[in-house]
Amino acid sequence: MAAARGLREPAAAKALLIAAAVAYVVVMLLLPLGAVLTEAFRKGWQLWIAAISDHDARASIKLTLLVAAISVPLNTIFGIAAAWAIAKFDFRGKTSLVALIELPFSVSPVVSGLVFVLLFGAQGWFGPWLQDHDIRIIFALPGLVLATVFVTFPFVARQLIPLMVSQGRADEEAALTLGASGWQTFWRVTLPNIRFGLLYGVLLCNARAMGEFGAVSVVSGHIRGETNTMPLQVEALYNDYDFVAAFAVASLLTLLAVVTLALKSALEWRHRDEIAARHH
Amino acid sequence: MRTIASASIPEFVVPGGARTRTHSPLPGFGLSLGITIMWLSLIVLIPLSAVFVKSLSHGMHDFAAAAFSPRALAAYRLSFGAAAIAAAVNCIFGLLIAWVLVRYPFPGRRLLSALIDLPFALPTAVAGIALTALYADTGIIGRILEPAGLPIAYKPSGVVVALTFIGLPFVVRTVEPVLAGISSETEEAALTLGAGRLQTFFRVVFPTIAPALATGFALAFARGAGEYGSVIFIAGNMPFKSEIAPLLIITQLEEYDYAGAAAIACVMLLISFAVLLVLNLLQHWQERRFA
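Protein chains in written order, with our numbering: chain A, 12 to 291; chain B, 2 to 292.
In case anyone wonders, no lab produced these hints; they're calculated from the structure.
Possibly wrong hints are sitting among the right ones.
Partial pick of chain B residues on the chain A-facing surface, computed with a CB cut under 8 Å [unchecked claim]:
1. L57
2. Y229
3. G230
4. P247
Glycine is no exception: its CB is placed at the ideal position from the N, C-alpha and C atoms.
All chains should be modelled from the sequences, with the hints used to inform the complete structure.
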């Protein structure tokens with residue numbers, strides 16, 4: 012690119028384009044970020060602390076952490092299994108399998124929640140049976156977990172598949188030839204090879220799991236202190252016109268987003284080639 | 002989140018000439034594929050099929066009545082229309098941002114690049130209340146736009162603003178790698194042959210990135226059409242006016258009209274599958290270009 016620099020746009024045009032891009036990002040992305048923080052601290056630190064240490068707010072934080080702690084490991088195991096099968100073996104229907112794994116990304120979050128209500132809700136397929144046996148899925152923790160697993164389903168798999176395809180299977184074949192068992196090969200050879208890609212996928216999966224709103228909104232039942240996750244608590248407080256408290260809880264979620272972005276960028280800068288298959 | 006487009010693997014060639022061997026010597030094929038297919042069926046395929054079965058549980062007539070009621074049609078128009086406008090806006094500014102990120106080294110470029118993914122990382126409900134705070138008549142943007150005769154909050158235009166926020170990274174992240182991959186020789190050649198800078202852009206650069214731009218548009222459109230969290234706070238949620246399709250699904254559910262909710266979900270799913278198909282065709286187009 013250095014050789015071409017002489018042929019490039021005049022400095023003024025360049026400055027203008029940079030300024031326009033920066034201005035757009037500031038207005039569209041940075042202002043909303045700033046708005047959350049200014050609204051959260053509008054009435055001072057004390058009210059912010061009071062808002063996040065409120066009983067229902069604390070319950071929502073615990074629930075969000077619990078839902079993520081169940082959903083993210085489930086999808087991580089799935090993602091590794093899917094990537095192992097798809098990247099290390101040849102079989103028919105592979106392309107369709109990859110397309111199906113990415114399917115949840117193109118489904119509206121509301122529909123993602125709806126499917127579980129249709130299955131397990133009071134008038135769903137298994138509703139009467141569940142009621143007879145006094146098992147609660149919808150408006151309870153299992154429903155929240157199911158909806159979260161659905162929306163975060165592709166994250167780890169779609170990060171690992173291209174990475175493992177590009178790495179091939181020569182390393183594993185060498186380990187096996189040298190006498191390692193299958194599991195030894197996985198733990199000692201494959202896992203170290205994919206660790207940064209895996210971390211990257213888990214990071215994004217977790218951010219979505221903790222921040223999901225539409226899907227969990229459908230299955231939650233919105234019982235405060237019981238089935239409200241943090242995003243749902245934000246909505247409940249906002250609809251009560253308790254804006255300071257709503258933005259206070261939202262500021263915690265914003266912190267999660269900023270930390271996620273920082274870790275993600277750090278991973279991209281330090282381990283670019285170990286995260287994703289090299290793009291041309 | 003790297004580009005979704007690049008994650009769909011075009012071909013499964015294992016480097017190192019192992020392609021000819023159909024039987025991999027590695028263990029764990031049955032176990033890993035078994036887990037994959039079981040989990041995929043339990044979490045995604047069986048639940049999704051419930052939508053189609055349930056929507057037809059009262060027959061075709063009721064399905065059509067629920068799926069194509071005037072209120073539902075107005076909701077689709079808003080969801081898909083606003084998503085299309087927002088995706089188009091994102092194509093313009095997404096291309097600008099990708100261009101600046103790829104071509105011009107400037108202080109703060111990495112920070113700008115990291116910020117682009119904010120809509121992926123920020124929970125949608127937070128985005129929703131933040132945008133509402135900004136664009137309401139008391140907010141710092143609404144205070145300027147409202148007296149100018151451009152009310153945004155609680156209007157259909159609010160939906161467009163929210164979807165523009167949500168969709169930006171899809172376009173930037175899809176166009177960026179393709180733009181970075183254009184060799185400077187091609188452009189130099191065009192310039193040496195006497196083409197102007199704008200001419201070079203439109204005749205050489207633009208055709209190369211067009212498939213990626215179209216892919217970014219489709220991704221932003223698909224995401225926007227189904228979006229809920231960031232929209233409901235800033236939209237007025239008035240039936241026939243500012244009510245998006247996902248909200249109508251929730252309204253039907255709250256009235257225990259499962260079949261009605263499933264019918265609307267069915268229409269939305271079929272449209273997103275169609276978009277997915279278009280995306281795959283775009284992918285082939287892009288691969289052919291680079292082949």
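Against the structure, the hints:
1. L57: 12 Å, violated
2. Y229: For Y229 of chain B, the interface hint holds, since the closest Cβ of chain A sits about 4 Å away, which is under 8 Å.
3. G230: With a minimum Cβ separation of about 4 Å from chain A (threshold 8 Å), the hint on G230 of chain B holds.
4. P247: 4 Å, holds
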